Amino acid sequence: MVTGKAVGRWRLMVVDDDRMTVALLSAALGEFGTIEVAVNGNQALLLLDAEPLPDLILLDAWMPGLNGFEVCTELKKNLRLASIPVLFVTASSDHETEIRALEAGAVDFISKPLNLPVVQARVRTQLTLLEQKRWLEARIAQQATKIEGLLNSIPDPVWCKDATGVYVTVNPAALAFFEHYETEVLNQTVHDLFSPEFALASEVGDKAVTESGRSGMFELEARSPATGQRHFWEVIKTPIAADSGSPACVLSIARDVTLRKESESQLRMLSLAVEQSPNSIIITDAQTCIEYVNPAFCRVTGYAASSVIGQRAGFLSSKKNPAAIYSEMWQTLGAGRSWRGRFINQTRDGREFIDIAHITPIFNDDGKLIHYLSIQEDITERVQLAEEINDVRAAIALAEAANQAKSSFLANMSHEIRTPMNAIIGLTHLLRQEQTTPRQDERLGQISVAADHLLGIINDILDISKIEAGRMELAPTDFCLDEVMAQVSAQVDERIRAKGICYFSNVASLPPFLYGDALRLTQILLNYLGNAIKFTATGSIKLIGSVLEETDHDIFVRFSVEDTGIGILPEHLPRMFQSFEQADKSTTRKFGGTGLGLRINRHFAHLMGGDVGVASTPGVGSRFWATMRLGKSSPAHRQKTSHPPQLNELMARLKASSGIRLLLAEDNSINQQVALSLLSNVGISADLANNGVEAVAAASARAYDLILMDMQMPEMDGLAATQA
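Numbers in the working numbering are just positions in the sequence shown, counted from 1, shifted up by 302.
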């Protein structure tokens, strides 16, 4: 009995060329609903192009034109018509006809001549089956809709691949994971969508669950094609078997565990940081009982972790910590704030060490205190180093004070030593101006030479002392190079002529006017020339100046002094410019000298941005050189230094002067006599001041053309007097 679709509402089609058969079937089947008639196959196919379609077709097997078998075959080829059940009506009852009908797609047979009750029963059966089929399809569609809704609502990606690895089902979350539209995913394989690495890992998982027949969990790593961002996924794969028991598909449910992986990575990193921290880390409960210590704590204290777990954290105290520290600490921690302070603690073997502790109270979500975290740094070595630094600073301060005292001493000694030496030299000069016997003049000359030599040694000692005290500075000015060379030649000329050796100088390649410390340049050249004269018995000495580098503002020059003297052994060359060193100790006994000149030259060259050096061959001679950077003099200064007055010219000017007023400020009585005598020799009388105060008073009372001022005098020195 038809139960679902009301009787009389079915649409039936009768296709038969026999009018009597059509009439009988129409009458017998009228109770089921509307009857539509086609008298041949072509008409039937034409009617089926329109809607609505019949629910059931009764088709005559043998008709002119298209027979029933051909019509049925055409129906089953058409997707729109293929689901309509077909009952064949035939006068043939042989098996061949039945087989042919079933192969064409028929569901049942009605034999001629017609037995109407049988016809009605067969039609009713097919309509009942059709109704049940449609009901089942509706239920299946309903369940599919529910399943689809469920899949679509799941936030995790879900997909299903058939036995060939083709995607047949994907939910929206999976599409977001794939970063593709559904049409781009369905009927594709994992190789079409992902990198080879991901595809291989996915297939390995599919194969594993398919072969085992059990679900499995797998970790997959994928990078977003759009952003390149890396994601980690946990995928549960389940094999779905077909009715035959063979695998039909693999269902996969994925979950993005990137955040968890990152959290785990951070947790591992924090764990490593705690474990590998150079500082001691202690975690206690709310009662300060130790729950955890890191390896650094064990390394610093000497305790094993197992031996301190459960102990109170204060067991390390050396009892040297003031009670006020603990009071402040607990007051701060009790207020829920972190505390930082210093402890003196003890190691397991009793050694004291100093800790900087940073203690923080830890609260749970409810605000309840659950732990204390203490990070402690052993600063024992740092404290000791600080004490050592303080000691060093104190020593430096003492050294600087001593250096200052040394500088003051050197300044005073420079004055105190040079003053009597200048007096000796001056008095010797005055005596030689008087009438003396040849014997007396010879001895006075010897005194003068010895005094000049001693003054040179004193000057070298004072210079090297200033250098080692860091007090030697340059005093650059504009100068005429020819004048410097003339002064150098004048000071060595007598000694060179006395030894009968030849002297050449050539600085023609250098600019005539320069900017630098002419006094120190002169000293460098005289030191080199003095050594060359000392160690050269015959032959020649050459002084050469050359430009190594030139800019718009300065030049880098080299001055070389080359001699034909005794030379220097190669093993002695490296220490030639060290203080108090000579090539051979025997040279000191034979030729004299302190070995300070070369050391002084090196320092002066360094101050002027250059260096020094030597090349020598024993028995052939030596070449000493010094490089330095000198500025180019401006045109205005060149005019001032173009014709510097010579000493004889100055003396002539003084002698030609009449009525010149001169004040001599000098506290040393001998130097007073020497200076007054020298001035008298050129026809000048001078007033005398014994100190700076008297000099200021005299200059205030009378106008002087020239004042000769001693720098160091009692009561008021020369500098203060000049400024006054």
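Note that these hints are calculated values from the structure, not bench results. Where hints are given, some of them may not hold.
[Said to hold, decoys possible] Within a straight-line C-alpha distance of at most 35 Å, the following computed DSBU-like cross-link-like pairs (lysine-lysine) qualify:
{"hint": "1", "residue 1": "670", "residue 2": "563"}
{"hint": "2", "residue 1": "414", "residue 2": "448"}
{"hint": "3", "residue 1": "448", "residue 2": "509"}
{"hint": "4", "residue 1": "768", "residue 2": "844"}
In this text, all values refer to a predicted model and were calculated from it rather than measured experimentally.
Verification of the supplied hints:
1. Proximity of residue 670 to residue 563 is assessed by CA-CA distance (about 30 Å); at most 35 Å being required, the pair is judged to hold.
2. With a C-alpha separation of about 48 Å, the suggested pairing of residue 414 with residue 448 is violated against the 35 Å cut-off.
3. Distance hint between residue 448 and residue 509 is fulfilled; the C-alpha atoms sit about 30 Å from each other, no more than 35 Å.
4. A threshold of 35 Å between alpha carbons decides the hint, and for residue 768 with residue 844 the separation of about 30 Å falls inside it, so the pair holds.
In summary, the structure is inconsistent with hint 2 from the numbered list given earlier, while agreeing with all the others.
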